[in-house]
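J.: Listed below, chain by chain, are the residues.
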Amino acid sequence: MDNYPALIVVTPLLAALLAGLAAWIEERLSYPIALIGLAISMFSAFKVLMQVISSGTIHYRMAGWAPPMGIEYSIDLLNAMVLMIVVSIAFFNLIASYKSVDQEINDRAGSFYTIYLLFVTGLLGVTATGDLFNLYVLIEITSLTSYAMVALGDKDRGPLASLNYVFIGVIGASFYLLGVGYLYMQTGSLNMADVANILPGLHGSSTILTAFILCMIGIWIKMALFPMHVWLPNAYSYSPVAFARIVAPLMTKVMVYVMIRLMITVFGYDYIFETLNIADAVVWLATLAVLAGAVMALAQKNLKKMLTYIIVCEIGYMVGGAWIGNQLGMTGAILHILNDALMTFALFLAVGNMVYKLKTVDLIDLKGLFGKMPWTMAGFVLTAFSIIGVPPTCGFFSKWYLILGAFEAGAYHFAAALVISSLICAVLFFKVFEICFFEPMSDGHGHADLTPPVKIEEAPLSMLIVSGLVSLSLIVAGLYSGTIVNTVILPFLKLQ
Amino acid sequence: MEDLLALIVAKYNYWLYVILMMIGLYAMIAKNNLIKKLVGMNIFQTAIILFYISIGYKQDATIPIIQNAHGGQDAHNAVIHAADYINPLPHVLMLTAIVVSVATFGVAMALAVRIYQRYQTLEEDELRMRLSEE
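From first to last, the protein sequence lines stand for chains P and W. Residue 496 is where the first sequence ends in the working numbering, and the numbering goes up by one at each step. Residue 134 is where the second sequence ends in the working numbering, and the numbering goes up by one at each step.
Just so you know, the hints here were simulated from the structure itself, not pulled from any lab data. Please note that a few of the clues may not be correct.
The list that follows gives simulated cross-link-like pairs (lysine-lysine, DSS-like), each with its CA atoms no further than 27 angstroms apart [as the list claims (entries may be wrong)]:
1. P:K301 with P:K359
2. W:K36 with P:K155
3. P:K357 with P:K99
4. P:K155 with W:K31
Pulled from the structure, derived: some chain W residues nowhere near chain P, Cβ distances all over 12 angstroms [claimed, not checked]:
5. E2
6. D3
7. L4
8. A6
9. I8
10. V9
11. W15
12. L16
13. I19
14. A61
15. I65
16. H81
17. D84
18. Y85
19. V92
20. E134
It should be emphasised that the depicted structure is a prediction, and the values quoted were computed from it without experimental measurement. We treat Cβ as the ideally placed atom computed from N, Cα and C, and that holds for glycine.
Given only the sequences and the hints, what does the whole structure look like? Please build it.
T.: Right, dumping it as structure tokens:
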């Protein structure tokens, strides 16, 4: 079977259609359909990853039309890795979602699973495609589905958060579209590889410069790089937990992937770091993003909101690493796509478990949580260590590469920001642990010894298992990070 | 001054799209009413569609349909000059972009309805007041 690249994207799309239709007949049917669709997609992604590692880049022509006329899926090591991350997180989140969807939005479970599958389709398409305009359309599919999802969440604030997200999302996507328009005017092509072949002769052109800046601003808005992050915290914290768990780790990370793809494959290192002179400014912007994200997280009183600001901070890591302009920095940025996706997923799984039991996750509500939900908290602590960057968890290794890269390039401010933000994260998480250790106030009998031990009330088993597995995978990813760098990232960077 | 005027006249399509885009962006940022913001968003998207349409245009060119392509006497030996036909590709792309913008507008309108049902207002300052009261 040579059609695996197409199957990765097409199966969730067809499953979305079937799940939507099945929900009319019987609401309960849509969940197994979604599960099967994503399982097939995950299997295909795994096959593609193995094939790419053993025999190099796959060029898949949609419907047999050759590029630059037809749309091409070009899957190299970077794509294949991101595809695998996206589809496995989507699959495992679906397993954990069954119970929380049942609790939160059970009257619209059918539509939830349909939109969920469409969202995953969009993300996978963005990652797989080798065509600039196709990328725009798929970004919009992803965004449209997430607007709808955010509105499914909190009944009071969800729609307003979603509408603000629409306004900013449209501006971002339109800027990207405009950039592609300028690129097309000058090169006459939309295929990434083809554009990359034509561009070297046009390095002095101001049209290309405009195109580059417009594309980058569009993508930055979509990935919520500080100061374009204002939509993210509200949109993510008011969406249903089952959706927050997938959108938080994946949406921003896939946008970082798009940025790296545009930088490396389409415009090229030579253009960005030699012809243009803006890399320093972008690294400063990333430095600000890291610091601002960490400081704003410190000011939050709600756990979900706090974590969304940590995402803003982590985006700064990846953008800075990619723009430092050396191999170490880029390695760190790509490795951090994997690690941050896993870490954010694990954090939000833990939050999902808490929401399932507590309903709200204001920091005050978390008192005594270590006694009440020991397994969830164990996962949460492990993940927090990874975010802070304690070895042997995976968060340490990508930060290490980023800091080494920053030193090699002389970007000491960025290295300093990384260290400071790690410290702030440490403060942040230990503040949460401290609150969670407090026992709930006793009723004032004065016989503290006689209060019965706190009853363990854990989240459902399916959510706990997924949460535990993902938290453990942080250590596994940390231990194998050398293998990942040597088999995937370095060969990818050498080919460019 | 004359240089500038010549520049504006020669590339008036770009000027028009930039002006439209700025009108849309202004409405999205400065207007207080959510529906007015939505209209601004639509103007913003339409400006980009017009930009794409205009880059496909060529002087003295016609629609990209080849006469007698499917039969007729000299269908196969007719010489085709690309310069005689406008570029259809940007137009085709915009069909997709129009679909996207219609879908976005629809979703946004539905959200506005939900907000109105909940708060009985679409003015942003009133919404902010209501939210801070709660």
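J.: Each hint: holds or not?
T.: Here is what the structure says about each hint:
Of the pairs offered as hints, the one joining P:K301 and P:K359 holds, with about 15 angstroms between alpha carbons and a cut-off of 27 angstroms not exceeded. Taking the CA atoms of W:K36 and P:K155, the gap is near 24 angstroms; set against the 27 angstroms cutoff, the hint holds. With a C-alpha separation of about 12 angstroms, the suggested pair P:K357 and P:K99 falls inside the 27 angstroms cut-off, and the hint holds. Distance check on the hinted pair: P:K155 and W:K31 sit about 25 angstroms apart at the alpha-carbon level, within 27 angstroms; holds.
With 12 angstroms as the threshold on Cβ separation, the claim that W:E2 sits away from chain P holds: the shortest Cβ distance comes to roughly 22 angstroms. Non-interface call for W:D3 relative to chain P: holds, since the shortest CB-CB distance, roughly 17 angstroms, exceeds 12 angstroms. For W:L4, the condition that its CB be more than 12 angstroms from all CB atoms of chain P holds, with the nearest at approximately 17 angstroms. The claim that W:A6 is not at the interface with chain P holds, since no C-beta of that chain comes within 12 angstroms of its own (minimum 18 angstroms).
Taking the minimum C-beta to C-beta distance to chain P, about 18 angstroms, the non-interface status of W:I8 holds against the 12 angstroms cut. No beta-carbon of chain P is positioned within 12 angstroms of the beta-carbon of W:V9; the least distance is around 20 angstroms. For W:W15, the non-interface assignment is confirmed: its Cβ lies about 15 angstroms from the closest Cβ of chain P, beyond the 12 angstroms cut-off. With a closest Cβ-Cβ approach of about 14 angstroms to chain P, W:L16 is found to remain outside the 12 angstroms limit, as its non-interface label requires.
With a minimum CB-CB distance of about 15 angstroms to chain P, W:I19 clears the 12 angstroms threshold, and the non-interface call stands. The Cβ of W:A61 sits about 16 angstroms from the closest Cβ of chain P, beyond the 12 angstroms cut-off, so the non-interface label holds. Every CB of chain P lies more than 12 angstroms from the CB of W:I65, the least distance being 18 angstroms, so the non-interface label holds. For W:H81, the shortest C-beta to C-beta distance to chain P comes to about 17 angstroms, beyond the 12 angstroms cut-off, and the non-interface label holds.
Remark: the non-interface label on W:D84 is consistent with the geometry, its nearest Cβ contact in chain P lying 17 angstroms away (cut-off 12 angstroms). Non-interface call for W:Y85 relative to chain P: holds, since the shortest CB-CB distance, roughly 15 angstroms, exceeds 12 angstroms. Not every C-beta of chain P lies more than 12 angstroms from that of W:V92, the closest at about 10 angstroms, which undercuts listing it as non-interface. Listed as a non-interface residue, W:E134 fails to keep its Cβ farther than 12 angstroms from every Cβ of chain P; the least gap is roughly 7 angstroms.
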